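> Assemble chain B onto chain A, guided by the hints.
There are 2 protein chains.
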Amino acid sequence: MNAGNPSAAAPDLFDLRTPALILDLDVLENNLRVMQDRADTLGVRLRPHVKTHKCVEIAERQRSRGASGITVSTLAEARVFTEAGFDDILWAFPLNLSRVAEAAALARRVELGVTVDSLAAVEALEAEDAPFSVWIEIDCGYGRSGVPYDSGLVVEIARRISGADRLALRGCLTHAGHTYSADSPSAVAVVAEEERRAMVEVGRALRAAGIEPGFLSLGSTPGMSRVETLEGIDEARPGNYALYDYMQTRLGSCGVRDCAVTVLATVVSARAGSDEAIADCGALALSKDMGPDDPSHYGRLFRDPGGGELGDCRVTSVSQEHGRLSGRYAVGEKVRVLPNHACLTVAHFDHFEVVRGRCVVDRWKIRRTRD
Amino acid sequence: MNAGNPSAAAPDLFDLRTPALILDLDVLENNLRVMQDRADTLGVRLRPHVKTHKCVEIAERQRSRGASGITVSTLAEARVFTEAGFDDILWAFPLNLSRVAEAAALARRVELGVTVDSLAAVEALEAEDAPFSVWIEIDCGYGRSGVPYDSGLVVEIARRISGADRLALRGCLTHAGHTYSADSPSAVAVVAEEERRAMVEVGRALRAAGIEPGFLSLGSTPGMSRVETLEGIDEARPGNYALYDYMQTRLGSCGVRDCAVTVLATVVSARAGSDEAIADCGALALSKDMGPDDPSHYGRLFRDPGGGELGDCRVTSVSQEHGRLSGRYAVGEKVRVLPNHACLTVAHFDHFEVVRGRCVVDRWKIRRTRD
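Chains as they are written, first to last, in our numbering: chain A, 741 to 1111; chain B, 741 to 1111.
If we strip away everything but chain A, and leave its shape as in the complex, we get (with noise of 0.2 Å):
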């Protein structure tokens, strides 16, 4: 099949088999397209954060529009785009020590950056034999890894990789998750500004010490659709924005049609007169993410499986394969849904099924590997 070349004889989406995850690929490119603006029009390189999607062909698409190398959560997903031809990959994930055998291998083949939050994880780096571009992960404020912006820790960290023979500092990054817990776009836009007022601290830290603090890089899907400016930042990491979901659409990061990946099932178990009915999306296909809403669900039903518009009816609880929706439905009924999280979706699927409107064009392989 070729995407670029949808033909009258396409097969439409209502034939697939389900549970399937679809991608609009008209969404996708427009999406990937505005971020990629975005990133020109601030100033920064735009690294995407493949984890959302674990897909090469995406990958290609985010490089193709100017992405400047990719980052990755986990050395499986390093792997895999080296395997694709990705030369460029920041392991964005605090360094794991029984993994640094396996992630000096690949450095010595592509540049690999790896993120550190410690002495003992420099230390470690320092015992292998490998070029390791090193990243000193920060927190800004979200309190989940990395030193804290203002502590005197990155400077020793800094000064620690500098001073070791095969470790070069390419760079300092965070990422302001808590964007995702703020509860208005002006909250998000104002924990976006903390972030990047916390990485050009760094950097002035790092240089009135002497240290040359290489890329200060940053970034959250939330942030980005928020942020005035990035001055004195050079590159952002977002990831999400490639798929969106119901949490970005909540967040006001976008609407529901810049959402592209949603998830095709069928009703299998229907009462007549009952206003609820099983289809088959559970926990393996939608997750158990609960979403930002109260009462919580797993996931928001669109009024028409074609999409487009959400309606009132949602998938009120899961079991491994069962999804629970509200709504009179008949047995064999298609039914779309659009995932609170995009992320743990994904990675439930081994492809996504592509289309352009209702015609399914390719199929790609999602690269959900652990090992």
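If you are wondering where the hints come from, they were derived from the structure by calculation, not from laboratory data. Hints should not be assumed to be uniformly reliable.
Any copy, or any two copies together, can satisfy a pair, since identical chains are not distinguished.
[Claimed, not checked] Derived DSBU-like pairs (lysine-lysine); straight-line CA-CA distance at most 30 Å:
#1 Lys1074 / Lys1105
#2 Lys1074 / Lys1028
#3 Lys1105 / Lys1028
Computed from a prediction, not measured in an experiment: that's the story for all the values here.
Just chain B now, with coordinates in the frame of chain A:
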């Protein structure tokens, strides 16, 4: 590697790259033996649900101990186990009308049981030229899918199946999933007895209508641990018992030492003096199943990573790859987590790392394809 002959040179589980899914072979084998004995004592055939482990090596052990066939939740699983030489497979999920042709192709190769709870599903089967073994799903009070056990629709569907040229009524099945929300072992026993009585009632109603019901099949892991008699029942289909998990310990189905799978993780970020740390056991290792405790968590840590006894520490939050641990740790330290829900945890890994004690003796593939 040879599971039966761990040598002194076998790798130590603490040398594994993480996150790793550890399967304790001694515990597994004991679980398989105990459940087969229990089925034998209760006088029913055992048809284990393999959605829990998705692993040919485990299903082969279940078969060699006496299992009369297997149960699957998806057609992808049915195909995997067909390829592996299993020839009596029950697809215990309400028939998905988008996959009938595929099911027909498989039904021509092996004994494939398909499950219906509507006349619409029977009609779809009639339209295919394949020798389907049909099971009627009964709702014994769980309220998910199935025909209510006391509904006249059971006889109507059975009559329709019996009247169709290529269809054979192989049995009636139910799953008392509400054993999982019972608040005590004695409440589990009450639900399990209701499940048994509902199926006996279904058998009686069908025979009264002149229809041979075939096998009467039921079962959940909690129910099988507590039910006192299965008089009048032919078959049980528990699945989780092979591995067990934290949820099952809370339901009283097993003890912590009966849990066969654990997640080995590495602390990747830990601040001096902090009572929390980050490890590589996020949502794509443990799943987002929050389990039965209040406050909720994503898994409990063993006191010692060698296993055996739970401590007070928990995985208090997860993002895609990050898990936040309560407690004090050093970067690089290994921890071992008892997952809330083994079925969903297993579905996130490519392999089981099979151990006896601390020795890694084998590596078994998890067939997690969804296609």
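> Against this structure, judge whether each hint is valid.
Hint check results:
1. Lys1074 / Lys1105: within (23 Å within a copy, 33 Å between copies)
2. Lys1074 / Lys1028: The answer is both: 21 Å in one copy and 26 Å across copies each meet 30 Å.
3. Lys1105 / Lys1028: both (22 Å within a copy, 24 Å between copies)
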